[in-house]
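*Asks:* Chains as they are written, first to last, in the numbering used here: chain A, 1 to 358; chain B, 1 to 358.
Hints in this document: simulated from the structure, not taken from any laboratory. Among the hints, erroneous ones may be present.
For identical chains, the list gives no copy identity; a pair is met inside one copy or between any two copies.
[Stated by the list, open to error] Calculated pairs, DSS-like style, for lysine-lysine (alpha carbon to alpha carbon, straight line, at most 27 Å):
id	residue 1	residue 2
1	Lys-146	Lys-191
2	Lys-191	Lys-147
3	Lys-307	Lys-25
4	Lys-317	Lys-307
5	Lys-317	Lys-191
6	Lys-235	Lys-268
7	Lys-216	Lys-307
8	Lys-317	Lys-235
9	Lys-291	Lys-268
10	Lys-191	Lys-319
11	Lys-355	Lys-291
12	Lys-319	Lys-307
13	Lys-291	Lys-319
14	Lys-146	Lys-135
15	Lys-135	Lys-216
16	Lys-25	Lys-319
17	Lys-319	Lys-216
18	Lys-95	Lys-135
19	Lys-291	Lys-235
20	Lys-235	Lys-319
As the structure is a prediction and not an experimental result, all values here were calculated from the model.
There are 2 protein chains.
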Amino acid sequence: MGGASHIQWEGNLLKLLDQRFLPEKEDYLECHTHLDVQHCIRDMIVRGAPAIGVAAGFAMVLAARFIIQSFHGKNTAFSWLDFETQLIEAGDSLKNTRPTAVNLSWAVDRMLIKSLAIKDKSPERLLEEMEQEAKNIFDEDIEVNKKIGEWGSTLIHDNFTILTHCNAGALATAGYGTALGVIKSAFYQGKNITVYADETRPFLQGSRLTAYELQKEGIPVFVIVDGAAGYHLNKGDINCIIVGADRVAANGDVANKIGTYTLAVLAKENNVPFYAAVPFSTIDMSIGCGKEIIVEERDSQEITHLKGIPLTPRGVKVKNPSFDITPSNLITALITEYGIIYNPNEKKMQQFVEKGGG
Amino acid sequence: MGGASHIQWEGNLLKLLDQRFLPEKEDYLECHTHLDVQHCIRDMIVRGAPAIGVAAGFAMVLAARFIIQSFHGKNTAFSWLDFETQLIEAGDSLKNTRPTAVNLSWAVDRMLIKSLAIKDKSPERLLEEMEQEAKNIFDEDIEVNKKIGEWGSTLIHDNFTILTHCNAGALATAGYGTALGVIKSAFYQGKNITVYADETRPFLQGSRLTAYELQKEGIPVFVIVDGAAGYHLNKGDINCIIVGADRVAANGDVANKIGTYTLAVLAKENNVPFYAAVPFSTIDMSIGCGKEIIVEERDSQEITHLKGIPLTPRGVKVKNPSFDITPSNLITALITEYGIIYNPNEKKMQQFVEKGGG
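Model the full structure from these sequences, guided by the hints.
*Replies:* Dropping the structure here:
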């Protein structure tokens, strides 16, 4: 992205670039409470699994400050137990906004674990250290993405045309991106890269966000409709597919934006490698396989209307699953910050995680 | 559709329902010349391979009348050779509007063959008989669709959920429909049917037209984004897929709306039958295989804008192939008005066509 991050922490508030209106408008929304952040996550003002995690980290700081201030307001002495109880409630409420991506609950839990570790400190110090933890999540996310980019770029050869889906770029993370991070790293190495970006209905993350990011970077990009990916794969236009991930199960199955599974099936049929770029924090060993991952169903209006314009006859029913599950046997490799897991399966995931990724 | 056809011949002009504005507005455009019809085909005011063929039949009548009138206007005697030369030119111009569907050139050629057969008649009689031929194309198309519906309905069992793509319904034909004709026939037989309609970007034939038609018929329908078909197939929600066709090659490969190939690959992966409903006139034995079929690339604005609203950053490039090719080995069966061709291949297509379909 080059410029300012779409997630800006200003000490007492969180500013989020409103991704619903990109690329037309670059408006920031100010979040003063964790409920503001919750609204932004639910309405996809901020979206992308790692970005949601980063925003949730700061939301927990806003929640902590609000709770501490409420002791002052009520003129009661600070009670860590009351504080922690209310912080857990705020965290639960945040986690419930979007069920599929694991990074949201991962970030909330990390902030809660931090608050437990510093329970004996003063409220002011507690807040300071929680703020630092949220900043760490932000900074680490960018570092992680750059490492994913380095590993992933070894899979990208000169003159490659890469298909991607949704937006797994700077706008889906603290910055840089996972799938787009791989593409950027390869591009920065001087490789001649062309990207085909699925428009990714219904939210159009591909045509609106991925095209916007790549255009800013000067990386050649063609937007295609989701239905055209198969045509280009079959024609031999595509050298590999790279996507992000919202949750990876213990057997390597990947939950990602609706349409991802279709690309993996098409990749197999056409002998094209299919990669998912996943931060270690996206791996959820508590989930045995993809079938156990909850797939969020979003509002029908996302499909029936576009910017208020009706696209369907009035009253027509829709199904709007926001994610799908790609079984690990369709995945050529997972690209993590610690290295590449080829042909992921339960055993390889277990070994990888036991080594702490290293 | 029940009501009036979307293609209405009024003796001296052709009225076409403007499908760009459905389901919001039901506006008809009047075509007084074959050039008006050409415009309507190019801009997808009328679309769907059989419907384009039917409209082209009437366009040839409008062309014939215009040519005959021009003799009167110039006060010159009618010359059949001049007439036929100009009629062939008009036909070529019509054929060039959209390259992929064979029905367009099939209908133009049928009208030219008719004009050749009645070359010794008076201009008035010539016009009368050409008009009758265009009406025959219209009437036969509906008959053909109903027969396809009868054959196809034998493949649809009670409580089936059927996935379809684009619009292969009354709005894509003279009436009734090919893929939707099969669904309607099964529904009229009292079978409990549910339809999943891919929205079919970029022109949204599924969410705008198929949903509109099925809703009018009272057939339960859910609109899904194109990227969600794989999710529902993998979940076991779908019993079979039925699509239409724009051209069938001599080996059984099918050209149809972009996204169709993807569905066929997903059907194979998930062991779900994949059917294409094709009138005999859609089979083009002069084309050896799908790779030889010209795939129309349409304007980038179809992807970058929706009703004037930009969906992509300014200046972004797109690829907009309007069709794709499904190889015959992914097709469970072709449903024609003469019967069902299971596992189509070159030999079976040859035998089928040699018997005149019968």
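*Asks:* Given identical chains, is Lys-25 near Lys-319, meaning Cα to Cα at most 27 Å, within a copy, between copies, both, or neither?
*Replies:* between (29 Å within a copy, 25 Å between copies)
*Asks:* Checking an output row: Lys-319 and Lys-216, CA cutoff 27 Å. Within, between, both or neither?
*Replies:* between (34 Å within a copy, 20 Å between copies)
*Asks:* Between copies, within a copy, both or neither: which fits Lys-291 and Lys-235 at Cα up to 27 Å?
*Replies:* between (32 Å within a copy, 9 Å between copies)
*Asks:* Between copies, within a copy, both or neither: which fits Lys-135 and Lys-216 at Cα up to 27 Å?
*Replies:* This pair counts as within: shortest intra-copy Cα distance 26 Å, inter-copy 55 Å.
*Asks:* At most 27 Å between CA atoms: does that hold for Lys-191 and Lys-319 within a copy, between copies, both, or neither?
*Replies:* For Lys-191 and Lys-319, only the inter-copy Cα distance (22 Å) is at most 27 Å; the intra-copy one is 41 Å.
*Asks:* Using 27 Å as the alpha carbon limit, work out where Lys-317 and Lys-191 are close: within a copy, between copies, both or neither.
*Replies:* between (46 Å within a copy, 20 Å between copies)
*Asks:* Classify it for me, Lys-95 with Lys-135: is the Cα-Cα distance of at most 27 Å met within a copy, between copies, both or neither?
*Replies:* For Lys-95 and Lys-135, the Cα distance is within 27 Å only inside one copy (19 Å; across copies 63 Å).
*Asks:* Could you figure out if Lys-291 and Lys-268 sit no more than 27 Å apart (CA to CA) within one copy, between two copies, both or neither?
*Replies:* Both. Shortest intra-copy (20 Å) and inter-copy (20 Å) distances satisfy the 27 Å Cα cut-off.
*Asks:* With identical chains, the pair Lys-307 and Lys-25 could be close in the same copy or across copies; at 27 Å between alpha carbons, which is it: within, between, both, or neither?
*Replies:* both (14 Å within a copy, 18 Å between copies)
*Asks:* How do Lys-235 and Lys-319 come out at 27 Å by Cα distance, when the copy is not named: within, between, both, or neither?
*Replies:* between (31 Å within a copy, 13 Å between copies)
*Asks:* How do Lys-291 and Lys-319 come out at 27 Å by Cα distance, when the copy is not named: within, between, both, or neither?
*Replies:* Only inside one copy: Lys-291 and Lys-319 sit 18 Å apart there, 34 Å across copies, limit 27 Å.
*Asks:* Classify it for me, Lys-146 with Lys-191: is the Cα-Cα distance of at most 27 Å met within a copy, between copies, both or neither?
*Replies:* Cα proximity of Lys-146 and Lys-191: one copy only (17 Å, versus 56 Å across).
Of the numbered hints stated above, none is contradicted by the structure.
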